[in-house]
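Asker: This is what each chain is made of:
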Amino acid sequence: MNYVSKIRKFKQVGTRPARPDGDDKVTGRALYGADTVAPGMLMAAVLRSPHAHAQIVSIDFSAALAHDGVKAVVTGADLVAQDEGSLRDIQENCLATTRVLYDGHAVAAVAALTLKAAQEALKLIKVEYSALPHVIEVDDAMRADAPIVQSGRALENVPEGFSQNVTYHCQFGHGDTDAGFALADEIVTRSFKTAATHQGYIEPHACLAQMTTDGKAELWCCTQGQYNVRDICSALLGLEGSQLRVTASEIGGGFGGKTNVFIEPLALALSHKSGRPVKLVMSRSEVFRATGPTVSSSIDVKIGMTRDGRITAGRAELRYSGGAFPNETVSMGAQSAFAAYDMAAVETLGWNVLTNRPKEAAYRAPGAPMAIYAVESVVDELSQILNLDPIDVRLKNAARKGSKSSYGPTFDDVGLIETLEAAKAHPHYQAPLGPNQGRGLSAGFWFNFGGNTCVSLNVNTDGTISVIEGNPDIGGSRASISLMAAEELGVPYEKIRTIIADTASLGHNDITDGSRVTFSVGLATIKAAQDAIQKMCGRAAQIWGIDADAVTWEDGAAVPAGENAGKFPPLSLAEIAAVSFETGGPIAGHFEVNADGAGVSFGVHLCDAEVDPETGATKILRYTVFQDAGRAVHPSYVEGQMQGGAAQGIGWALNEEYIYGKDGRLQNSGFLDYRIPVASDLPRIDTVILEIPNPGHPYGVRGVGETPIVPPLGAVSNAVSRAIGKRLTQLPMSPPRILQAILKG
Amino acid sequence: MVAVTLWGTMRQYANDQEKVEVQAATFKELCDALIRDYPGMQPQIERGVSLAIDGRIYKEAWFTPISADSEVVLMPFMQGG
Amino acid sequence: MKNTHIATKVNGDGVEFTCEPDETLLEVLRNRLGLTGTKEGCGTGDCGACSVLVNGRLVCSCLVLAVETQGAEVSTIEGMASGDGLHILQQTFIDHAALQCGICTPGILIAAKALLDKNPSPTDSELRFWLAGNLCRCTGYDKIISAVQAAAAKMRAA
Ligand code: FES
Ligand code: FES
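Sequence lines, in order, name chains A, B and C. Positions in the first sequence are counted from 1; adding 8 to them yields the working numbering. Positions in the second sequence are counted from 1; adding 3 to them yields the working numbering. Positions in the third sequence are counted from 1; adding 69 to them yields the working numbering.
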């Protein structure tokens, strides 16, 4: 539904109060995944494949089981075999049954009295492998003679004649691209490559599981979605959903990477076998080898432009690999590649290809950054060739209200023009550049999601409020939810406490992903508050002896709706709450919804870079993010999302990549060799928040979490390309790669 | 009748048409009608699709009403991070 | 392996524990002393989440053997606030929204305090290089730098 966009003056939304979990987090008291213990707890460790691809001939763990202190060993045979589809893939990924598909693929797990005993026992497990040929690069895996990662996994949409590694194909677009290219004065065609990058959350996956013989279980883990963990684990363990209670710990970063299940079923199975609580914590190396990086990609883009900067047609072909299991992430890339442009003719083709790499996990706006990087690079090159201002070119072609989007629907108000204009007017855009410096610009886009959401709001008898929601708070969402509850109820922020429920205490909530929490949980909280308000107005009506519809809610109190309703002094929330037992019992508001209307989001990033021509090293000198937040509920955390996404994107552009050896094994599974940006790598990241209200939310909120990782790849690449006077087409732009481009002359 | 715009890959199951017309008043009826009229779409629709109705994207929302003059675009099932 | 008996001071309190010779200080703090405010992000000295002070020196506790702390003074995040309130740095981190997920925060607070104790008015660049050993994946460091500078100003005025 559409919310009337009456201009609303907010009293609390838009302020910057202290977050409710701040004290716990600055004192070290907050409990993350690895921070809890249980009496009699065992420690677990996982045996992982040293092969990129191999048949498991046999597993003999008798010596491990006999090792001092070892209480249980599990292998793939201990999980309930799933029929097919994504659950089957998750099961295979958690513990391989017949074949290991990548370096780091889990094969067995051991629980013992100490971690050391468990690790020693791993060395006593004898796995006989028969090595199979492997393939790592997406373009290699598409070849007809490529080693086959999994056969029989191609969907019906894959045309005949492709390698069995090609599992998914998609195509989007409208208009006649050939006719469009014929109208162009200039056409640029380029091929791009982007490396797989890891979400790089600082907290490794960790869990503590207890499963009893009567089919009950408790699980504590760091996850972006406890309900999803419950559903998957109960299937893999043969538990009933109601009997497995999953509690989400405080979470040390996720960015999409903790939307999956990796170690939790192993810990539960070990607990089941040993009859004791089991704690399992990944090492950093395991996080890199066995949890989700993003897709790696190979992309061709062709764009035609008239002399005055009008795009006449665009075409992109995207080949993504998300590792050894099928996925459809490329469809998101193919839909969003040209989303920022109003185009008469556009066509995108997407292919998903299996390789012997770990199973892809979502990473902020999955599929979009690499596609938009490729398009934004070509648009920038065309602007250079035609000697046009790159913002003017984007303004000329920007998607706007009434544009037919590259993925089909017609856009409503999308805020891209305002965002581009803000960038153009910003002092950053006019600032002079020195030698070896370049300025890059990129637009970015993400869909944003709503989804299944459930909120309870309890009015306590002392006039305070407990909000119970079901989405782990990764970056301050409890503060935003409390703000919206306070705003709607008309009580101070300090009176509200928002907590995250376990799976038994509140109905289903979708994963904390898709930039959905402030939007959906916020919406459900506002609605739950309205539900409570309606009940409180009813109580006031009874107290006054008037009709319930003669009472309205103003500034935190029930008041008579008008002259005719009678003259009564306002009854505050606290006053109504204090007599709730006497007037009909406890008061609570609830709301359940599958929320739609999240509204797409555009951002524009400006980046100044300097390249050292001797070494090829890049320094980011200045960086500014412009983004439409609809309504910034807690502006500090909106800025934080924009800055954090930009920093991750800068890392992706300059340093980060999964590096494999000829043997198909990952060579840089640590933060020393997989280098994420550190404080001294980055300048200040300025932010400009635009607020163009989203009609799909009562307060106009738009998701903000994912879009900021999209533009940096193109913005940095365009800056570096302009600085060195050579067009770069591969990420990361590590110093040797840049140097090579400079030296090529 | 509702005119549904298909994404490129789905057009092969509808004689390469970009738009098809089906009798439907809700998301669910639309999916059922597409499967009935264009059986080749069944596997994809059963795996999941989203629907953009007048620019707003819906997923898993059976009873979302669709009016005859709505702009309706079939899209893949969407997922975020 | 035989356990060794160690007597040390943690956050000013005398503490005795036994540990194996190859156990790290991080493991002992978290697993034997219940001080889980110090985090493990890598275990290899690359992330700084495990930062503590040993005899006033900033170290990665994952790279220090617990047996090396015999007779030493160890300071962890749990000792930063005094009984009646947060340290200025801690309060400023909350006020400036310098944490998102917060997993890096204990290490960054310890490292920042170690710097300000030596250099009460660092430049942004000095601060960024000092904190280069402390990874934060959420914030892009911007608000962390602002918060430390704001806290430094308050501490200088105090
Ligand atoms: S855990 Fe010690 S530096 Fe990362
Ligand atoms: S706040 Fe999450 S790693 Fe720093």
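By construction, these hints were calculated from the structure, which means they are not laboratory data. Be careful, since some hints might not be right.
Claimed, not checked - In silico lysine to aspartate or glutamate, DMTMM-like type, Cα no more than 20 Å apart, as pairs: (1) A:Lys432 x A:Asp470; (2) A:Lys432 x A:Glu248; (3) A:Lys124 x C:Glu89; (4) B:Lys22 x B:Asp35; (5) A:Lys412 x B:Asp35; (6) A:Lys412 x B:Glu74; (7) A:Lys503 x C:Asp91; (8) A:Lys627 x C:Glu142; (9) A:Lys627 x C:Asp164; (10) A:Lys752 x B:Asp35; (11) A:Lys409 x B:Asp72; (12) A:Lys503 x B:Asp35; (13) C:Lys71 x A:Asp76; (14) C:Lys187 x C:Glu142; (15) A:Lys124 x C:Glu142; (16) C:Lys71 x A:Glu128; (17) B:Lys22 x A:Asp557; (18) A:Lys670 x A:Glu128; (19) C:Lys223 x A:Asp184; (20) C:Lys78 x C:Glu147; (21) A:Lys131 x C:Asp193; (22) A:Lys627 x A:Asp539; (23) A:Lys409 x B:Asp35.
Asker: Does each hint fit the structure? Answer for all of them.
Answerer: Now the hints, each set against the structure:
1. Distance restraint check for Lys432 (chain A) and Asp470 (chain A): the Cα-Cα separation of roughly 52 Å exceeds the 20 Å cut-off, and the hinted pair is therefore not satisfied.
2. Under the criterion of a C-alpha separation no larger than 20 Å, the hint pairing Lys432 (chain A) with Glu248 (chain A) is inconsistent with the structure, at around 57 Å.
3. For the hint linking Lys124 (chain A) to Glu89 (chain C), the alpha-carbon distance of about 11 Å falls within 20 Å, and the restraint holds.
4. The straight-line distance between the Cα atoms of Lys22 (chain B) and Asp35 (chain B) is roughly 17 Å, inside the 20 Å bound, and the hint therefore holds.
5. For the suggested pair Lys412 (chain A) and Asp35 (chain B), the alpha carbons sit about 26 Å apart, so the restraint of at most 20 Å is broken.
6. For the suggested pair Lys412 (chain A) and Glu74 (chain B), the alpha carbons sit about 11 Å apart, so the restraint of at most 20 Å is met.
7. As the CA atoms of Lys503 (chain A) and Asp91 (chain C) are separated by approximately 49 Å, the hinted pair breaks the 20 Å bound.
8. The suggested pairing of Lys627 (chain A) with Glu142 (chain C) is violated, with an alpha-carbon distance near 39 Å, which exceeds 20 Å.
9. For the suggested pair Lys627 (chain A) and Asp164 (chain C), the alpha carbons sit about 30 Å apart, so the restraint of at most 20 Å is broken.
10. Simply put, Lys752 (chain A) and Asp35 (chain B) have alpha-carbon atoms about 58 Å apart, too far for the 20 Å limit, and the pair is violated.
11. Among the hinted pairs, Lys409 (chain A) with Asp72 (chain B) is consistent with the structure: their alpha-carbon atoms are about 18 Å apart, no more than 20 Å.
12. The straight-line distance between the Cα atoms of Lys503 (chain A) and Asp35 (chain B) is roughly 49 Å, outside the 20 Å bound, and the hint therefore fails.
13. For the given pair, Lys71 (chain C) sits about 16 Å from Asp76 (chain A) by alpha-carbon distance, which is consistent with the 20 Å threshold.
14. Between Lys187 (chain C) and Glu142 (chain C) the alpha-carbon distance is near 18 Å, which keeps this suggested pair within the 20 Å criterion.
15. Of the pairs offered as hints, the one joining Lys124 (chain A) and Glu142 (chain C) is violated, with about 27 Å between alpha carbons and a cut-off of 20 Å exceeded.
16. Restraint check: the Cα-Cα separation between Lys71 (chain C) and Glu128 (chain A) comes to about 17 Å, which is no more than 20 Å; the hinted pair holds.
17. Taking the CA atoms of Lys22 (chain B) and Asp557 (chain A), the gap is about 48 Å. The hint is violated against a cut of 20 Å.
18. A threshold of 20 Å between alpha carbons decides the hint, and for Lys670 (chain A) with Glu128 (chain A) the separation of about 29 Å lies outside it, so the pair is violated.
19. Taken as a hint, the Lys223 (chain C) and Asp184 (chain A) pair is broken in the structure, with Cα atoms around 64 Å apart against an allowance of 20 Å.
20. Our distance criterion of 20 Å between C-alpha atoms is met by Lys78 (chain C) and Glu147 (chain C), whose separation comes to about 13 Å.
21. Pair hint Lys131 (chain A) plus Asp193 (chain C) does not hold up; C-alpha atoms about 48 Å apart against a cutoff of 20 Å.
22. Taking the CA atoms of Lys627 (chain A) and Asp539 (chain A), the gap is about 53 Å. The hint is violated against a cut of 20 Å.
23. Among the hinted pairs, Lys409 (chain A) with Asp35 (chain B) is inconsistent with the structure: their alpha-carbon atoms are about 31 Å apart, more than 20 Å.
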